[in-house]
Amino acid sequence: MDGRVAHSALAPRPFPLGKALGWSLGAHVGLVLVVFLGGSLFSGPKVDLDQKPIQARLVRKGKPRDEKLLPRKEELPPPPEKVEAAPPPPTPAAPPPPETAKVAIPGVKPQPAAKPQPQPGETAGDRRKKLFGAFDKLSKQKPEEELEGQEDGDELGDAAQAEGERYFGQINAQVGRHYDVSQTIPEQERLRLKADVTLKISRTGEVLRAELSRPSGNGLFDNAVLLAVKRASPFPPPPEHLRSTLQETGVTLRFTP
Amino acid sequence: MKNTILLIALCSTAALAQTPVIQISGANFRPLPVAYPEPMAEASLKKAAAEFDEALSFDLAAAGIFELLDRKGYLADKKEGLTASSIQFNRWADVGAESLVKVQLKQTGQVLAAELRLFSVGPGREELKISESRPVGEVRLLAHKVADALYRHFTREPSPFLSRISFVKKAGSSREVWLADWDGNNAQAIAASGLNMLPSVTPDGNGVAFTSYRRGNPDLWVQTAGGAARALVTGGQMATGIAYSPDGRRIAYALSEGEATQLWVADADGSNARKLTETPYIINSSPSWAPDGKKLAFVSNRGGSPQLYVINADGSGARRLTFQGNYNQTPDWSPRGDLIAFTARDERNAFDLFTLNVESGQVTRLTQDAGNNEEPSFSPNGRLILFTSTRGGGSRLFVMTSDGRQQTPLPVPKGTYQTPDWGPTVKGL
Numbered sequence: 125m126d127g128r129v130a131h132s133a134l135a136p137r138p139f140p141l142g143k144a145l146g147w148s149l150g151a152h153v154g155l156v157l158v159v160f161l162g163g164s165l166f167s168g169p170k171v172d173l174d175q176k177p178i179q180a181r182l183v184r185k186g187k188p189r190d191e192k193l194l195p196r197k198e199e200l201p202p203p204p205e206k207v208e209a210a211p212p213p214p215t216p217a218a219p220p221p222p223e224t225a226k227v228a229i230p231g232v233k234p235q236p237a238a239k240p241q242p243q244p245g246e247t248a249g250d251r252r253k254k255l256f257g258a259f260d261k262l263s264k265q266k267p268e269e270e271l272e273g274q275e276d277g278d279e280l281g282d283a284a285q286a287e288g289e290r291y292f293g294q295i296n297a298q299v300g301r302h303y304d305v306s307q308t309i310p311e312q313e314r315l316r317l318k319a320d321v322t323l324k325i326s327r328t329g330e331v332l333r334a335e336l337s338r339p340s341g342n343g344l345f346d347n348a349v350l351l352a353v354k355r356a357s358p359f360p361p362p363p364e365h366l367r368s369t370l371q372e373t374g375v376t377l378r379f380t381p
Numbered sequence: 137m138k139n140t141i142l143l144i145a146l147c148s149t150a151a152l153a154q155t156p157v158i159q160i161s162g163a164n165f166r167p168l169p170v171a172y173p174e175p176m177a178e179a180s181l182k183k184a185a186a187e188f189d190e191a192l193s194f195d196l197a198a199a200g201i202f203e204l205l206d207r208k209g210y211l212a213d214k215k216e217g218l219t220a221s222s223i224q225f226n227r228w229a230d231v232g233a234e235s236l237v238k239v240q241l242k243q244t245g246q247v248l249a250a251e252l253r254l255f256s257v258g259p260g261r262e263e264l265k266i267s268e269s270r271p272v273g274e275v276r277l278l279a280h281k282v283a284d285a286l287y288r289h290f291t292r293e294p295s296p297f298l299s300r301i302s303f304v305k306k307a308g309s310s311r312e313v314w315l316a317d318w319d320g321n322n323a324q325a326i327a328a329s330g331l332n333m334l335p336s337v338t339p340d341g342n343g344v345a346f347t348s349y350r351r352g353n354p355d356l357w358v359q360t361a362g363g364a365a366r367a368l369v370t371g372g373q374m375a376t377g378i379a380y381s382p383d384g385r386r387i388a389y390a391l392s393e394g395e396a397t398q399l400w401v402a403d404a405d406g407s408n409a410r411k412l413t414e415t416p417y418i419i420n421s422s423p424s425w426a427p428d429g430k431k432l433a434f435v436s437n438r439g440g441s442p443q444l445y446v447i448n449a450d451g452s453g454a455r456r457l458t459f460q461g462n463y464n465q466t467p468d469w470s471p472r473g474d475l476i477a478f479t480a481r482d483e484r485n486a487f488d489l490f491t492l493n494v495e496s497g498q499v500t501r502l503t504q505d506a507g508n509n510e511e512p513s514f515s516p517n518g519r520l521i522l523f524t525s526t527r528g529g530g531s532r533l534f535v536m537t538s539d540g541r542q543q544t545p546l547p548v549p550k551g552t553y554q555t556p557d558w559g560p561t562v563k564g565l
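Chains B and D, in that order, give the protein sequences. Residue 179 in my numbering sits at position 55 of the first sequence, with consecutive numbering throughout. Residue 333 in my numbering sits at position 197 of the second sequence, with consecutive numbering throughout.
Be aware that one or more of the hints could be misleading.
Claimed, not checked - Taking CB as the label site, the calculated pair distances span:
#1 B:ASN347 with D:GLY245: 44 to 52 Å
#2 B:HIS302 with D:ARG366: 51 to 59 Å
#3 B:ASP190 with D:PRO545: 31 to 39 Å
#4 B:PRO358 with D:ASN485: 41 to 49 Å
#5 B:LYS197 with D:LYS242: 41 to 49 Å
Hints listed in this document are in silico derivations from the structure and should not be mistaken for laboratory results. All C-beta atoms in this analysis are idealised placements derived from N, C-alpha and C, irrespective of residue type, glycine included.
Turn these sequences into a full structure, and let the hints steer you where they fit.
Below, the structure written as structure tokens:
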């Protein structure tokens with residue numbers, strides 16, 4: 125072949141098929157090794173399975189208590205205000221008669237206010253007593269006590285301290301209020317008690333299903349946790365981002381004493 | 137799944153794979169609702185049955201683990217039998233009972249026999265049958281014995297019903313020392329005249345050691361009911377706060393000398409006394425033994441105000457225990473070892489009862505807004521606390537659960553009661 129033709133890009137050349145296949149095979153094997161062993165060689169984000177679970181409780185809004193003072197028993201928050209039906213609109217009353225204008229007239233003494241007339245049988249001493257009694261009542265009136273809690277807490281919270289997802293905190297608080305267990309269970313046995321109740325909650329907060337997914341082995345305790353869930357329902361409607369999870373997968377309530 | 141909890145809220149991918157888990161703890165351990173109708177007995181046993189009934193009812197009501205339902209609400213036929221087949225359990229369920237206790241009393245000669253049957257109302261099943269008998273004159277003891285067996289069935293531990301208490305009762309200008317059953321009944325005067333104070337039940341439950349001015353100087357004495365008084369500690373200006381070690385072999389007390397009060401430990405008969413604290417111008421008082429006998433809790437003003445401290449029984453390793461409040465006193469170490477009950481004056485100047493968790497240091501309030509509550513003393517099983525309270529006027533004896541939830545007055549005559557002490561369970565009853 126002419127030397128010029130041999131150097132042309134159009135000229136046919138011998139293809140090293142074996143070499144190419146070898147490189148390809150090596151590359152694939154390398155890729156597979158990277159995929160399978162890479163996980164152990166490169167440290168990615170780790171999930172600590174032994175992490176301590178977060179206790180979710182709804183924090184009550186209030187003033188933190190001075191740590192040097194002795195503790196006081198937690199006082200329950202006031203019950204929610206009753207929502208009553210709106211009163212019927214008042215019937216329009218007749219306009220009041222125009223009040224006569226009281227204008228000070230120079231040179232004319234205003235009439236003194238009428239003295240309170242003594243009640244029949246009432247002495248001056250009685251009246252004094254009544255007056256001082258009223259003062260006394262005023263001075264003895266207790267200032268309204270502020271409940272303890274956290275400054276960024278929730279008006280509906282019932283715990284002084286807590287952390288966690290707000291909705292789960294509400295479930296915790298609501299169920300916790302009905303979490304009554306028989307005191308006759310011996311303390312040694314209480315240490316081992318653990319029961320799971322799986323709960324499915326509708327978009328409106330109704331309990332769709334509550335089942336004992338892991339019994340404790342103690343009949344008194346198992347009955348108590350199911351009763352607590354039953355008494356606590358319905359729950360508030362879940363927030364948008366939790367709705368499908370709570371309705372389809374559900375939430376597990378893990379009860380320990 | 138240990139790490140579950142609220143990851144769903146934080147990680148959407150995890151949410152698809154796992155069920156979120158909410159940990160719920162802090163159970164409200166409530167007493168078991170129990171119905172106990174009047175015991176069945178022949179008409180000739182009416183008086184004994186009433187006495188038995190009173191003692192057993194108090195045991196069940198004050199034990200802290202039962203909720204004794206009011207008989208006025210019972211719906212069942214009063215003539216209902218003693219066996220499961222004759223009981224209409226639905227009528228007991230309707231009044232909220234989860235357990236039903238039925239008792240029958242019978243007298244044979246001078247022996248009174250009691251048969252108690254316990255039924256589980258839900259399944260309508262007999263759970264337990266107890267038979268006990270005592271001489272006719274010991275009807276209250278018979279009731280306590282039966283109650284003890286019932287208590288053991290549920291808790292698998294001895295009840296406090298067979299223990300004794302001591303207390304000081306004000307009588308004119310005198311302060312008398314008394315020894316009584318746990319419910320305040322069967323009370324016997326130990327020291328009925330003069331000025332006597334701070335009693336401590338002896339390890340066998342049959343006597344009391346206390347501070348007495350009977351020789352002019354406040355010394356420590358010990359005496360059994362009807363027996364002669366014996367001096368234990370007579371040195372120093374004032375010996376107070378005697379406390380027996382859990383094994384009953386040693387005593388601890390406070391002895392005032394000059395401007396200081398130091399703690400001492402001696403053998404139970406007062407011999408081999410040795411000083412535990414050496415703090416000039418400081419008051420150390422109110423020793424209380426740990427259940428292992430290796431440590432003592434006590435009160436000291438060495439930090440400026442009365443606070444609780446702990447010290448090893450050899451006098452080493454004293455350290456402060458309380459840091460909240462500025463007037464903490466009268467410690468009593470629970471026989472379970474976990475708690476120390478004490479009296480404290482809070483920021484409202486009210487005296488109330490608290491417990492200190494020995495391990496965590498956490499202080500928990502037991503009483504609040506109910507007069508002044510003082511001088512706690514644990515029951516031998518550590519489940520109950522005896523104390524005085526001025527709620528309702530006077531200073532009366534009360535018993536409450538160690539968490540303060542259930543508080544019951546002792547059925548004792550009116551009077552001013554002070555510094556109660558709960559002794560150990562009396563053996564051989």
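Which numbered hints turn out to be false for this structure?
-> none
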